[in-house]
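Colleague: Sequences listed follow chains A and B, in order. Okay, so the first sequence: first residue is 1 according to my numbering, each after it adds one. Okay, so the second sequence: first residue is 1 according to my numbering, each after it adds one.
Hints are not guaranteed to be accurate.
DSBU-like cross-link-like pairs, simulated, lysine-lysine; straight-line CA separation at most 30 Å [unchecked claim]: (1) B:Lys471 - B:Lys289; (2) A:Lys244 - B:Lys403; (3) B:Lys532 - A:Lys307; (4) B:Lys532 - A:Lys31; (5) A:Lys127 - A:Lys276; (6) B:Lys471 - A:Lys244.
To be clear, the hints were calculated from the coordinates, so they are not data collected in a lab. Computed from a predicted model, the values in this text were never measured in an experiment.
Residues per chain are reported as follows:
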Amino acid sequence: MGPSVKIFFATDIHGSEVCWRKFLNSAEFYKADLVILGGDVTGKVMVPVVNHGTYWQVTLSGQTHQLESGSELEEIERQIRNRGYYPTRVEPDELAALNEADGSIDRRFTAEMISTLDRWLDMADSKLRGGEIPCIVNGGNDDTFDIDDVVEASPCVTFAEAKVLDLDGFSLASMGYTNPTPWDTFREAPEDELEKRIEAVVGQIPDMGRAIFNFHAPPYGTGLDEAPALDENMRPMHGGAVMKPVGSTAVRDSIMKYQPMLSVHGHIHESRGIKKMGRTLAMNPGSVYGDGVLQGAVIELNAKKHKVARYILVNG
Amino acid sequence: MTTVEDASGIGATSAGSEAPTLFLRKATGLVRGWSVRDAVIYACLSTNVITLGVYEFSFSSPFPKGQLLTGVLISGVWVTFLVIAYSGLIVTIPRAGGDYVWQSRILGGPVGFVFAATGWWFILWLWAPIYGAILNVEFFQPILWTLGWKGAATYFGTHNGEFTICIVTIVLAGLLVSLGMSAYARFQKWCFFGGMVGFLTVVVLLLAFSHHSFVTSVDSQALKYFGVHGAYQATNHVGAGLGQVAPKTFGLGAFGDSMLLVPLLMFYLLWPNWGSTLYGEIRGASDFKRVFSGMFGGLWLTVALSVIFLLLIDKTVGWTFYNNANAASFNLKGVIPIWPYPVMMAGWLVHSEAFQVILLLVMGLWFFGWVGTLFLSSTRVIFAAAFDRVLPDAAATVSEKRKVPMASLVLMLLPAVGLSALYSYWGKFGSYTLDATLVIAVTYLFSAFSVVILPWRKPELWRASPASRFKVLGVPIVPLAGAATMGLIIFNLVEWLKNANYYVNSNDSLIFMGILYALAVVVYVVARLIRKRQGIDLALINKEIPVE
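Chain A with its partners taken away, still in its complex shape (with noise of 0.2 Å):
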């Protein structure tokens, strides 16, 4: 074991390609040991590119392209893909079937999913030099469950969820599933059952005063996990200028109780911040994936000490 470990954590890419692209040179950039990515990987939109023989149209942000050229073609997807949006090509009638009812929506853009993850993670096999520099990543509640083998069958990323890790002598527990959202998402679960989750993979760690918690929810009422109050219309009430906590009564009984070193979170975009909980220190760095800027934290840890030596935001 060295004397110090440092990571770069980041979280929330949505899809976001230049946010993945960013996220596998960050180690080399941040000069740090490993990298993780906390969860929420995939993206919530997909754009239909409809070719009309002569000419492919795509509806982007409202305005509406017409694209002649393969060259103009690949450069409007990649936009797509780097804003967290998944480019996918079809004929006119190809579209005019697709619909909610018979689900061939959801088949469209799992396969797109999956075909977007396949190709980061071979993206990734050469950035992180055939897994010399480890990455982990985890689900989010954003995330289908697709995505697990996909991830657990890639040769130098590690899928985290529900595991300890071994961090060259820290120990690495993680938890996509987070309390219950108005979007009725996918890794959710209630306070109880999260409770359940955090003790079973909590349960195996062998040290706890060297224990990482990456957990995706945000602990409750810290600060982490203040976002918009909603109306019943899902309207964010007086301008967006009301917050609430939204995080996770669980996470933060579990943080109280165990006292990690360190406990990372996302999950929460607008919540960017770090909260001392009593000897734990607890941070989400908030995600701003559309605008192609990785934030993401650099977080030092000192071997000897069992403690955070130093850490820093980041906008990368």
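Given chain A's structure and the hints, the job is docking chain B onto it.
Modeller: Positioned in the frame of chain A, the structure of chain B alone reads:
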């Protein structure tokens, strides 16, 4: 915020028979756009026609050839460009940190810190006594005199009284920060509607009563409350003695002379962007329109209210009397011993103490709906700077039980108390009111510069922004609006610094502002050195990771 209205696919329906242009899956954060009406209310309260506008109108006597009506209209048009420029920034980089985030991202961390710290934190120390002064002259003094509580009224007219009200204001704003925005936001909305009812009442009074009724009311009520005989004539006499010769008549007046009122009117019209936030991840053209409409609506609602106010002042109060009363008060030679608050004098048209007090209380809602904003921005900047490790981590601590941001409150409240003391006890300092506008305007100048260079500095970000699609003759309007905003602020800066009538360019005032900027630079440099010694490189914060 996602504009689900724009989208179609899962969770949303396709618009009409058109083919869907994007599909959304079940995921967090997909929310609908926030209400434009809310945004109009916040922008209108920020450019507060009563607490800021009417108050600042009374300081126009050093510019006797300028017409307030023309000045307000010019300002409204010019500030519209600021609204366009800020709408562009908000939808391109929709972050609660506003100027701090935009400038840090586009111009670099040191620039972002220095201008955010000065414009959204340090100068708010000076705004505290200004808020206090307004509370005093528009609320406490007229109400206490109307109630006949001369002892209390006289006390609040002394230096000690002024300082007491500053402390009341600071405590009030601090409490609101501590209690959180949730309840206050609802209260704010009610204040707005209540304030509008009050404004409408003033409008009805000024419409219903004649100028002759006003003259007799001023004479009778000034005698009743202040023991002043023939107040109307006496005020005009004092005004004439001060050389308050023009404008005797109300109108549009000379454009150039009225332009000189613009730097004065920025005190209230420069803030339509004060509360603009945007949350969301899928941004479309409707977001730009929504953000723009909110701020634009608020700005022009204020302009409209100002125009109505000025027209009615001319009709019923009389333009000469209004200007003479303001000039007399400005030169500390007022016939009545308090600031000639137009609302109070409109209330005098109804010879009922109860009515007059109720009207003043209701119009006080314009203040109470607005005071909470005093320290909110400061807290955000302090927290952001602490998370960036520029300030000590303790600056962002929040008390466990009540969630009160104690350290940031101390960083705001203590200096605000100090400046309030200076403001109250050192008459000279009280004339630095427009410094409070100038320092924020400089912050805006750099944000406007950011938006001008955005397409070149961050081309990918700009291309992805809905703001990039709004063009005139093929030229994107947002950077153009940024240039026009820079023109507005540079014009103001030149006038503020060269013309002594704005009371900004005195040596002491410049030293005060210089200290604020120097303090911000020193804080940043010291932080950088300390963090370097700790092995933390602050230069890393905004350094972009290579993509390839």
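Colleague: The structure should be examined with respect to each hint, and the outcome stated for every one.
Modeller: A quick look at each hint next to the structure:
1. Only pairs whose Cα atoms come within 30 Å are accepted, and Lys471 (chain B) paired with Lys289 (chain B) is accepted, the gap being roughly 14 Å.
2. For the hint linking Lys244 (chain A) to Lys403 (chain B), the alpha-carbon distance of about 12 Å falls within 30 Å, and the restraint holds.
3. The hinted pair formed by Lys532 (chain B) and Lys307 (chain A) meets the criterion: a straight-line CA distance of about 20 Å does not exceed 30 Å.
4. Note on Lys532 (chain B) and Lys31 (chain A): the hinted pairing holds, with a Cα-Cα distance of about 16 Å set against a maximum of 30 Å.
5. Of the supplied pair hints, the one linking Lys127 (chain A) and Lys276 (chain A) is violated, its CA atoms being roughly 34 Å apart against a limit of 30 Å.
6. Pair hint Lys471 (chain B) plus Lys244 (chain A) does not hold up; C-alpha atoms about 38 Å apart against a cutoff of 30 Å.
Consistency note: the structure conflicts with the earlier hints numbered 5 and 6.
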